[in-house]
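Sequence order for the protein chains is D and X.
Note that our numbering gives residue 46 to position 46 of the first sequence, counting from 1, and the numbers run on in steps of one.
Note that our numbering gives residue 656 to position 25 of the second sequence, counting from 1, and the numbers run on in steps of one.
If you're looking for bench data, these hints aren't it; they were derived computationally from the structure.
Keep in mind it's a predicted model, so treat the numbers as computed, not measured.
One or more of the hints may lead you astray.
Below 25 angstroms or equal to it, Euclidean Cα-Cα: the simulated DSS-like pairs (lysine-lysine) are [stated by the list, open to error]:
1. D/Lys-174 <-> D/Lys-184
2. X/Lys-783 <-> X/Lys-793
3. X/Lys-780 <-> X/Lys-793
4. X/Lys-942 <-> X/Lys-908
5. X/Lys-785 <-> X/Lys-771
6. X/Lys-942 <-> D/Lys-174
7. X/Lys-908 <-> X/Lys-793
8. X/Lys-908 <-> X/Lys-785
9. X/Lys-848 <-> X/Lys-783
10. D/Lys-174 <-> X/Lys-848
11. D/Lys-624 <-> D/Lys-579
12. X/Lys-670 <-> D/Lys-63
13. D/Lys-184 <-> X/Lys-940
14. D/Lys-63 <-> X/Lys-942
15. X/Lys-942 <-> X/Lys-851
16. X/Lys-848 <-> X/Lys-908
17. X/Lys-942 <-> D/Lys-184
18. D/Lys-579 <-> D/Lys-63
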Amino acid sequence: MTDDELIWRIAGGSGDGIASTSQNFAKALMRAGLHVFTHRHYPSRIRGGHTYTEVRISEAPVKSRGDGYNFLLALGDSFARNPKENAYYGVEEVKPLSENLDELREGGVIVYDSGLLDTDDIPDFDERVEENGWHVYDIDLRTIAREHGREVMRNTAGVAVTCAITGIEPDVIKSLMEDTMPEKVFEPNMSVFDDAYETVLEEFDADAPDVTVPESEHDEEQVLISGSDAIAYGALDEGCRFIAGYPMTPWTEVFTIMSQNLPEVGGISEQVEDEIAAAALALGASHAGVKAMSGSSGGGFALMSEPLGLAEMTETPVVLVEAMRAGPSTGMPTKPEQADLEHVLYTSQGDSHRVVFAPAGAEEAYRQTRRAFQIAYEYQIPSIVLYDQKNGGELQNVPASVFDEEPNPDLGSVLTEAELADAPHDPSGKYDRFQHDGDDGVSPRSIPGQEGGRFLATGNEHMEAGHISEDPDNRVNQVDRRSEKLDAIRADLDGDEVTNAHHGPADADYGIMTFGSQQGTVEEAVDELNEQGHSVKSLGVSELAPYPVDEVTEFVESVEEVLVVEMNASAQFRGLTQKELGRYGEKLSSLLKYNGNPFEPAEIAEGFVTSIVEDGTLPGHETKFVPAASD
Amino acid sequence: MSAFSAIGEDGERDRNEYTPGLEPQPTWCPGCGDFGVLKALKGAAAELGLSPEEMLVCTGIGCSGKLNSYFESYGFHTIHGRSLPIARAAKLANPGLTVVAAGGDGDGYGIGGNHFIHTARENHDITYIVFNNEIFGLTKGQTSPTSPKGHKSKTQPHGSAKDPIRPLSMSLNAGASYVARTAAVNPNQAKDIIVEAVEHDGFSHVDFLTQCPTWNKDAKQYVPYIDVNESDDYEFDRTSRSEASEMMFETENALYEGTVLTGRYYVDDRPSYQQEKQRIGEMPEEPLAERYFDDDYEWERVYDSFLDKHK
Chain D
1 MTDDELIWRI AGGSGDGIAS TSQNFAKALM RAGLHVFTHR HYPSRIRGGH
51 TYTEVRISEA PVKSRGDGYN FLLALGDSFA RNPKENAYYG VEEVKPLSEN
101 LDELREGGVI VYDSGLLDTD DIPDFDERVE ENGWHVYDID LRTIAREHGR
151 EVMRNTAGVA VTCAITGIEP DVIKSLMEDT MPEKVFEPNM SVFDDAYETV
201 LEEFDADAPD VTVPESEHDE EQVLISGSDA IAYGALDEGC RFIAGYPMTP
251 WTEVFTIMSQ NLPEVGGISE QVEDEIAAAA LALGASHAGV KAMSGSSGGG
301 FALMSEPLGL AEMTETPVVL VEAMRAGPST GMPTKPEQAD LEHVLYTSQG
351 DSHRVVFAPA GAEEAYRQTR RAFQIAYEYQ IPSIVLYDQK NGGELQNVPA
401 SVFDEEPNPD LGSVLTEAEL ADAPHDPSGK YDRFQHDGDD GVSPRSIPGQ
451 EGGRFLATGN EHMEAGHISE DPDNRVNQVD RRSEKLDAIR ADLDGDEVTN
501 AHHGPADADY GIMTFGSQQG TVEEAVDELN EQGHSVKSLG VSELAPYPVD
551 EVTEFVESVE EVLVVEMNAS AQFRGLTQKE LGRYGEKLSS LLKYNGNPFE
601 PAEIAEGFVT SIVEDGTLPG HETKFVPAAS D
Chain X
632 MSAFSAIGED GERDRNEYTP GLEPQPTWCP GCGDFGVLKA LKGAAAELGL
682 SPEEMLVCTG IGCSGKLNSY FESYGFHTIH GRSLPIARAA KLANPGLTVV
732 AAGGDGDGYG IGGNHFIHTA RENHDITYIV FNNEIFGLTK GQTSPTSPKG
782 HKSKTQPHGS AKDPIRPLSM SLNAGASYVA RTAAVNPNQA KDIIVEAVEH
832 DGFSHVDFLT QCPTWNKDAK QYVPYIDVNE SDDYEFDRTS RSEASEMMFE
882 TENALYEGTV LTGRYYVDDR PSYQQEKQRI GEMPEEPLAE RYFDDDYEWE
932 RVYDSFLDKH K
């Protein structure tokens, strides 16, 4: 445990307000000048079941969950199932306490609601407390809540207890509650807060544990943002005013944020019958001249394969987002995984082309979603933003100024009616929408309703004016032109000021590579390893197609070995890298995790040490090492 | 000023304006009912005075999917069964467009059946023409959703054990606000029905009987046809849901007994989806597509509009 951070875990059952309480707690501490980062764990269940959210609070910026945690607030699970002899789920009621002990650091704090939880139900509880030097606060939070208000206010009581133990100024929390609660709810919550706070001061001795919240100050105004927020905001600032979707965890978050905000800016959101329709609607809107998007998670995205191919063939710009969750099939709906990479890269028939971004944190998600729209509309190609349950839902503070950007409603390579008048047409007057010799493979679009722009869009191979053609010369020309766009896009992305994320000393001996949501955790592991005396740097790749071959080659060439970290069992990102680079099978090994929980920094550091520096035997069963081809 | 000056252009139109110079002659088999649809659509477009460039014709896959290869307008030849979601989004994006979707009975009642049901339910202001030939033509004669029970084909060698789908009843139940059946053998009625369907504010569904002389029937088998609105043998109120329902049921049965009934079956003046969506404040009054060409429009910024709740 480091002294400069508090990792606070609030645990209970689904439906007990864990998410909203933790969000308010994180925001209050952000307002108090601290850096915050949340990590959530919840079941696919509306009511009850093991649920927690961690809020990591630090003086320094944080971009990952931490290694374990040091403060547990265990509330009850209001919707726990009744234990039965042969039922696999055991005593659910006590899980907010029992399930969270393994990761609690030595010397950590346990606060539990003694009105709901009984430690007699937990094997060896007292011994474990003794062994680990935990500080236990058994407080009847439920009774305090009932006395002043309603039972749900036990969350407020728990937060008050947290403040009393860690030294957080009550006003930090209270002022946020005042902002977010109606008065008649706020008043009893204040009484609950004060009573719980006083209880700690009066009933527990001054031998306070060394778990305190540091004091800090931000240089500029911050906002608490999730990856899903950032993706939606990137889309809105690019002038996206149409979304179509079907609910599916975890993509639903982006869909919800867009659906709530679009009407305020005169946009349209369509919840439709299935994901095939969702993607098709986005194409229809884009074809008719509106910047449009759709998205889903694994199974829903599978249904979008055919419209995706149609977008490629008709060169209809569209942005799709794919929020990965653990698969295959329904998998584990609320758990993160990065196993849809190949699905997103390769789904849909034929020689298909698309652009894939996999942003890591919120800031990158905002920036790359904007890039995804720019590329899609400029090059008339589908862009996909690939993320997952982890970075979609993690909240972190970023400077508000990140969003202080100009909107870009530009429709990309589209002609006006005036321009159409001078554009090439076939002798019968149809616009040559798919000209053979477009710049960078791009032939500008016209939009239905424009005078002089009529053409046929078709999923069949087609001639310049769009009519169906199976002529071999035309075929080769059109395939080559569509492919040419990818080189142009690669060159375009290479020119960006900010590209993929490099971290650690440039002259390091070893490298760690990852993509998407694991980037922050990898970077923290790199810092830990360098502090321990190892020589390591990292590369977080977020531009996956077209692949940044030169940049990655240079990275791989510059080190002795590379450990590739990803949340799946089949090393998809490592496979992609080897395919794109065409070599280095002997240099790349894998560290994989697919148990439904994201990596902790220490797991990566430990995986690096045992696999690269030592003999490759990992101590735990949660991660798996796959050696390089030559080992 | 509109960026889409083809929209709302008044003028006398000749049906030949909708014949593409690039592909004037269709590749359909001689005697195919699809010619009847093309002819009726051209006639209807001319009668309505529509500019080819204010029309978007979205088709599915199959012989019927070639409609927009042979009809001069903006066209989107989509994928099997998906013309409707593309068509309805285009209409939402730019309500000024006249959007016609078309496809076969396999396309609309089979693979795209879910879209058909929901597009009808939502009452999008588009016209949907289903080329109902009771067969999969382009893939060479397999049994389709409207093939009669017992229909033998290479994929149903012992004859289909399935009852055919009831397209008119399904449409009514799903929520279409204009439902008609016409036939290729009756081009005048077909043209008039398409005119009405396009003018109708809401989802208009035209089940268009198109003979497939190669795989099942020739035109003779759709003659004589009876217009239920004109025949004295049939009397029903097409604004009455229950009377329309009975008439549709009888019409669907009759087809497989050799009697071809056609006409307008149901008309409902409930608000279109666009009107409903505008009423609840979830669709702008001005066409969205115009905004991207409006240099004076002040685009909202996230920084100003949505960031406060994150502070």
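For each hint, the structure was consulted:
1. D/Lys-174 <-> D/Lys-184: OK: D/Lys-174 and D/Lys-184 at ~14 angstroms, within 25 angstroms.
2. X/Lys-783 <-> X/Lys-793: Holds - the C-alpha atoms of X/Lys-793 and X/Lys-783 are around 11 angstroms apart, at most 25 angstroms.
3. X/Lys-780 <-> X/Lys-793: holds (6 angstroms)
4. X/Lys-942 <-> X/Lys-908: Violated. X/Lys-942 to X/Lys-908 sits at ~32 angstroms, over the 25 angstroms cutoff.
5. X/Lys-785 <-> X/Lys-771: holds (9 angstroms)
6. X/Lys-942 <-> D/Lys-174: holds (15 angstroms)
7. X/Lys-908 <-> X/Lys-793: violated (39 angstroms)
8. X/Lys-908 <-> X/Lys-785: violated (47 angstroms)
9. X/Lys-848 <-> X/Lys-783: holds (14 angstroms)
10. D/Lys-174 <-> X/Lys-848: violated (79 angstroms)
11. D/Lys-624 <-> D/Lys-579: holds (22 angstroms)
12. X/Lys-670 <-> D/Lys-63: Violated: X/Lys-670 and D/Lys-63 sit about 64 angstroms apart, past 25 angstroms.
13. D/Lys-184 <-> X/Lys-940: holds (21 angstroms)
14. D/Lys-63 <-> X/Lys-942: Holds, at about 19 angstroms.
15. X/Lys-942 <-> X/Lys-851: violated (74 angstroms)
16. X/Lys-848 <-> X/Lys-908: Violated: X/Lys-848 and X/Lys-908 sit about 44 angstroms apart, past 25 angstroms.
17. X/Lys-942 <-> D/Lys-184: holds (23 angstroms)
18. D/Lys-579 <-> D/Lys-63: violated (30 angstroms)
Consistency with the previously given hints fails for numbers 4, 7, 8, 10, 12, 15, 16 and 18, ordered from lowest to highest.
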